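Taken in sequence, the protein lines are chains A and B.
Heads up, the first sequence is in this note's numbering, so the first residue is 1 and it goes up one at a time.
Heads up, the second sequence is in this note's numbering, so the first residue is 1 and it goes up one at a time.
Honestly, the hints are just simulated from the structure, not real lab data.
Hints may be right or wrong, so weigh each one.
[To be verified] On the chain A side, residues computed to face chain B include the following (Cβ under 8 Å):
hint, residue
1, His29
2, Arg31
3, Pro43
4, Phe45
5, Glu56
6, Ala88
7, Leu91
8, Ser95
9, Pro96
10, Gly100
11, Asn101
12, Ser102
13, Pro103
14, Leu104
15, Phe106
16, Gly107
[Unchecked claim] Okay, the calculated bits of chain B under chain A, using three or more residues with CB under 8 Å as the criterion:
hint, region
17, 15-21
18, 30-43
19, 46-57
20, 102-112
Bear in mind that the values here come from a model prediction, so they are computed numbers and not experimental data.
Positions of the beta carbon are idealized from the N, C-alpha and C atoms, including for glycine.
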Amino acid sequence: DTGVSQDPRHKITKRGQNVTFRCDPISEHNRLYWYRQTLGQGPEFLTYFQNEAQLEKSRLLSDRFSAERPKGSFSTLEIQRTEQGDSAMYLCASSPFRDGNSPLHFGNGTRLTVT
Amino acid sequence: AQSVTQLGSHVSVSEGALVLLRCNYSSSVPPYLFWYVQYPNQGLQLLLKYTSAATLVKGINGFEAEFKKSETSFHLTKPSAHMSDAAEYFCAVSVNYGGSQGNLIFGKGTKLSVKP
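Looking at chain A on its own, in the form it has when it is part of the complex (with noise of 0.2 Å):
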């Protein structure tokens, strides 16, 4: 169990360009999500998967963003034409879920600043 890996830990961007974030989960964990954290805040839930199938999309994210878990296996998470607004610290979390009662393992973020 090498934890839940994303890349890159900080990403800098003009306001206007593209990025895209990788997440890793913990090896057959069926289930990852993401969450964006903004200053001051808990996190708040973007999008999840279960495997492959995209499940369920927050009004948060939108269309500018997309996210992609081929395989079931690692996510990418893009934004599209970044805004100012989008600076925030981008979370994935994965789990092995069985039910409610089943946690949630976080990586350690991508931090996202646009200028």
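Position chain B relative to chain A; hints supplied.
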């Protein structure tokens, strides 16, 4: 809808003093509740979880939490604070219905400072 409310965005205690971080939940069904800790520039680490097996739950680093249904509370405590406990703490409730089951709804967090 389920939610959690953390009372106090910032709590300051002296080293060796009792730590009490408050969390109240709202849920129409028996909840699954969690406490996570976040150190600066890191992800969230699970401290403990409530699963209905016992109302007093012991976690890592000497923390524990008590589930009180009558008060809809799940407060986090530690008898004696250590400098290394300085971090932000998040209470969360697991969504337990429909396709969202297993997703977590977080409170806004409480930042704990420990004075020497």
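Quick one: see if chain A covers the region 30-43 of chain B, three-plus residues with Cβ-Cβ under 8 Å. holds (count 6)
Three residues minimum, CB to CB under 8 Å: does the region 102-112 of chain B make the cut for coverage by chain A? Let me know. Held - the region 102-112 of chain B has 8 residues with a Cβ nearer than 8 Å to chain A, which meets the minimum of three.
Satisfaction of the glycine 107 of chain A interface hint, Cβ to chain B closer than 8 Å: Nearest chain B Cβ about 5 Å off; hint holds.
Hint validation: histidine 29 of chain A versus chain B, beta carbon distance must be below 8 Å. Holds or violated? This interface hint is violated because 12 Å lies over the 8 Å limit.
Does the closest beta carbon of chain B sit nearer than 8 Å to the beta carbon of phenylalanine 106 of chain A? holds, 4 Å
Restraint outcome when leucine 91 of chain A is required to lie within 8 Å of chain B by C-beta distance: holds, 6 Å
Any CB of chain B closer than 8 Å to the CB of leucine 104 of chain A? holds, 6 Å
Identify whether the interface hint at arginine 31 of chain A stands, where standing means a beta carbon of chain B within less than 8 Å of its own. Interface hint status for arginine 31 of chain A: holds (6 Å vs cutoff 8 Å).
Taking the least C-beta to C-beta distance, is phenylalanine 45 of chain A closer than 8 Å to chain B? holds, 6 Å
Given a cut of 8 Å on the nearest C-beta pair, is the interface hint for glutamate 56 of chain A held or broken against chain B? holds, 6 Å
Should the hint that asparagine 101 of chain A touches chain B count as held when the rule is a Cβ pair under 8 Å? For asparagine 101 of chain A, the interface hint holds, since the closest Cβ of chain B sits about 5 Å away, which is under 8 Å.
Let's test the interface hint: is any C-beta of chain B closer than 8 Å to that of serine 102 of chain A? holds, 6 Å
When held up to the earlier numbered hints, the structure conflicts with 1, 6, 9, 17 and fits the remainder.
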